[in-house]
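**Q** From first to last, the protein sequence lines are chains A and B. Going by this note's numbering, the residue at position 75 of the first sequence is 75; the numbering climbs one at a time, nothing skipped. Going by this note's numbering, the residue at position 109 of the second sequence is 109; the numbering climbs one at a time, nothing skipped.
This list has only true hints and no planted wrong ones.
Below, computed lysine-lysine pairings styled on DSBU-like, alpha-carbon distance capped at 30 angstroms:
id : chain 1 : residue 1 : chain 2 : residue 2
1  : A       : LYS14     : A       : LYS57
2  : B       : LYS1      : B       : LYS107
3  : B       : LYS107    : A       : LYS57
4  : B       : LYS68     : A       : LYS57
5  : B       : LYS110    : A       : LYS11
6  : A       : LYS78     : B       : LYS107
7  : A       : LYS11     : B       : LYS107
8  : B       : LYS1      : A       : LYS57
9  : A       : LYS78     : B       : LYS42
10 : B       : LYS42     : A       : LYS57
Honestly, the hints are just simulated from the structure, not real lab data.
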Amino acid sequence: GAGVSQSPRYKVAKRGQDVALRCDPISGHVSLFWYQQALGQGPEFLTYFQNEAQLDKSGLPSDRFFAERPEGSVSTLKIQRTQQEDSAVYLCASSQLSGAYGYTFGSGTRLTVV
Amino acid sequence: KQEVTQIPAALSVPEGENLVLNCSFTDSAIYNLQWFRQDPGKGLTSLLLIQSSQREQTSGRLNASLDKSSGRSTLYIAASQPGDSATYLCAVEGWTQGGSEKLVFGKGTKLTVNP
Numbered sequence: 001g002a003g004v005s006q007s008p009r010y011k012v013a014k015r016g017q018d019v020a021l022r023c024d025p026i027s028g029h030v031s032l033f034w035y036q037q038a039l040g041q042g043p044e045f046l047t048y049f050q051n052e053a054q055l056d057k058s059g060l061p062s063d064r065f066f067a068e069r070p071e072g073s074v075s076t077l078k079i080q081r082t083q084q085e086d087s088a089v090y091l092c093a094s095s096q097l098s099g100a101y102g103y104t105f106g107s108g109t110r111l112t113v114v
Numbered sequence: 001k002q003e004v005t006q007i008p009a010a011l012s013v014p015e016g017e018n019l020v021l022n023c024s025f026t027d028s029a030i031y032n033l034q035w036f037r038q039d040p041g042k043g044l045t046s047l048l049l050i051q052s053s054q055r056e057q058t059s060g061r062l063n064a065s066l067d068k069s070s071g072r073s074t075l076y077i078a079a080s081q082p083g084d085s086a087t088y089l090c091a092v093e094g095w096t097q098g099g100s101e102k103l104v105f106g107k108g109t110k111l112t113v114n115p
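Chain A on its own, in the form it takes in the complex (with noise of 0.2 angstroms):
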């Protein structure tokens, strides 16, 4: 696609609950990038794919949070027994092998936990 798709665009779930986010990023990029966005502040690193392979995942906040990207393209975020301190945005992004051209970010998905 044109640009990077991210689905849903709001999501409310309940303490405890678990929550998948999608992210399609352009056609023929080989890095993705999870961020997370709280109210206030700008976008913090989570993970980094290369292809489908997941190279680093040094900001994931604790092991309730899992990436994928099985075949390269789609990525999932899930996020395991979610507690209110998740509640952000959460942002994805593609570029080319290298950012020396700049990233493409999604519109996100704004996540509620109550």
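Guided by the hints, dock chain B onto chain A, whose structure is given.
**A** Same frame as chain A, now just chain B:
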């Protein structure tokens, strides 16, 4: 650890004014610096990308400069318009603890241009 600071946190100006947004970063070993715009409830729109070897980039009414040695960048907006109202984020590309490249963001400057 790379830290990015943006000043001011918020700015309100009358339409037509020229303005400058500031960004500073603590580690000068960066690949590039990127300015983004974020509208309420929306994702990030890339405005300008400055490679580490470049000093500035221009696009329309926007001009961004980069001084790696001092760890500073500025975004200059000429003849501001109400449609420029948004949050402007500065991000530098650096290394994660896991050894890959990533963007490190400031908290943003919320700009309001009043008609």
